Amino acid sequence: MSAVHDAIVVGAGPAGMAAAIRLARGGASVLLLDEQAAPGGQIYRGVEANAGDPRLAAILGKDYTHGASLVAALRVSDTILSLSTSVWQLDADGSVWVRGPDGIARHRARHLVLATGALERPVPVPGWTLPGVMTVGAMQILLKTGAALPPGRLVLAGTGPLFYLYAAQALAFGIDPKNLVLLDTAPAMPDPAALLRGPAAIWGEGWRYLAKGLGLMRNLKSAGIGWLRGVTDIAIAGEGRAERVAFRYRGRAGSIAADVVGLHQGVIPHLHAARSLGLAERWDDSQAAFAPVLDAHGRSSLETVHVVGDAAGIAGARAAEHSGRIAALAILDTLGRIAPAARADEMARERKACAAHLAVRPLLEALYRPPAALAAPNDDTIVCRCESVTAGAVRDAVGGGAPGPNQVKAFLRCGMGPCQGRLCGPTVSAIVAAETGQSMAETGHYRIRPPLKPLTLGELAEAAAVARDGPQ
Amino acid sequence: MKCSSFSFEGADIPFRPGESVAAALVAAGVGATRTSPVDATPRAPYCLMGACFECLMVIDGVASTQACLVPAAPGMQVARQPGARVLA
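Residue numbers (my numbering), protein chains in the order written: chain A, 1 to 472; chain B, 473 to 560.
Bound-form chain A, shown alone (with noise of 0.2 Å):
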């Protein structure tokens, strides 16, 4: 394609739709890229095949179902979609190179909006590379796609809003009760300065939320499944797959047998495709999470790369929405395709929206901190799963001389597996934040070039003849 677009929307969830939505309806031309086959993201993966399934739609909710609406918007609007397409790198200049179905394209735009969405934190405890570990995040594609639980015991360890959710709806899907246990390393008693945060957490959406999760609390109370609560000290084991989960309990030291086992500790920005553009960062305390730096309408510190959604900064699929057409609205007034007195108003009212489901935020991230043992895992657990690096490799590599993590990276090969170290970086940067005595916003993190998915020699060359003699 050589035509330049408005704008290049970088994922296909509810931030990265409604941006999408709300450019083609102000008469933008835009390009809407994902690596899935469907729209939705992961919050809404699978929302339009699932349609045809009433029974999997109500036991995933109908904050789940709401996605199909988005979906359904984008389908007719004049966005142009283009799925199961990998971007590989960006570039300040607004172009987007991709392999998609038809091989490799380079595309480009006006305006880059990076809608990649959130990972889930990595979990580094012993153990967490043997099969049968896997996030909560994937137990519940698995449901929302496959219709299926994984097979036999289900341990879940960790803490976090999707850590309840999943246990209500695997309950809700008919897993026995005795093939769930909930190692919960969240406190029975909150933090009381966590508390201090409620009344705050009310207002908006807030209650809604809240009341939600009260909900979902209830329901696995009265399922009399297997909860401890404060557990700490995970570790799994096993040969060739996960056989136990051994903990520490109110002092004591525990173990159980599993079959599979799910890690969650909230979720973390995606920030890949940011950082290799070089957008300015901040470290976001509450969240113990980077983030970029961003103004009021999602602009980065690049003037034509707007982040939207849970990249921004992590604050829920409704606050995705509003985010992702605020930085519609902002792109369109740069654009000259929208009145200003208009644009004003609608800003105005997609802001006020955004910030009733931002209010909840400050108390969840303050209950469900993940443990600052997970930012310390011991000297023999891998943090880096694709080079096998362990946590006392990336100690040694400091107290050797190796100043921050890009160092520690050279040294070691963390960071330059597969995952180009979107598993690792957390806990890297968090180790040698601790082991130079410096913050994490001193410590910072990889820093990342593309290819941002590996590519083979022959894709290369294929990119190399696509930038010397336009399309193939």
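It should be emphasised that the hints constitute simulated quantities derived from the structure, not laboratory data.
In this text, all values refer to a predicted model and were calculated from it rather than measured experimentally.
Glycine included, C-beta positions come from ideal geometry on N, C-alpha and C.
Among the clues, some could well be false.
Straight-line C-alpha distance at most 20 Å; calculated EDC-like pairs for lysine to aspartate or glutamate [unchecked claim]: (1) B/K474 with A/E48; (2) A/K453 with A/D102; (3) A/K212 with A/D63; (4) A/K178 with A/D259; (5) A/K62 with A/E48; (6) B/K474 with A/D53.
Covered stretches of chain B (chain A as the covering partner; in silico rule of three or more C-beta atoms under 8 Å from a C-beta of chain A) [said to hold, decoys possible]: (7) 486-497; (8) 509-518; (9) 524-531.
Following the hints, position chain B against chain A.
Using the frame of chain A, we list chain B on its own:
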């Protein structure tokens, strides 16, 4: 409802339309889907969303394919990837 299947090292793995190869394998309880090129340890899908790269498998003869990004199709031939990709 699972109404088709693909082949995984001789076994028939059922899948639901739209489900990825990796998800279908997890649901079928197959355990390890590859061994690490670094230390030969058994690995299996972790994130099911394209970020972790633990689901690298040989699908229809193409190695190092992220099985969680491939919608399962009838007649697909899927195999574990032992260690690094082999260049023919």
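Against the structure, the hints:
no., hint, result
1, B/K474 with A/E48, "17 Å, holds"
2, A/K453 with A/D102, "17 Å, holds"
3, A/K212 with A/D63, "10 Å, holds"
4, A/K178 with A/D259, "13 Å, holds"
5, A/K62 with A/E48, "14 Å, holds"
6, B/K474 with A/D53, "12 Å, holds"
7, 486-497, "holds (count 8)"
8, 509-518, "holds (count 8)"
9, 524-531, "holds (count 4)"
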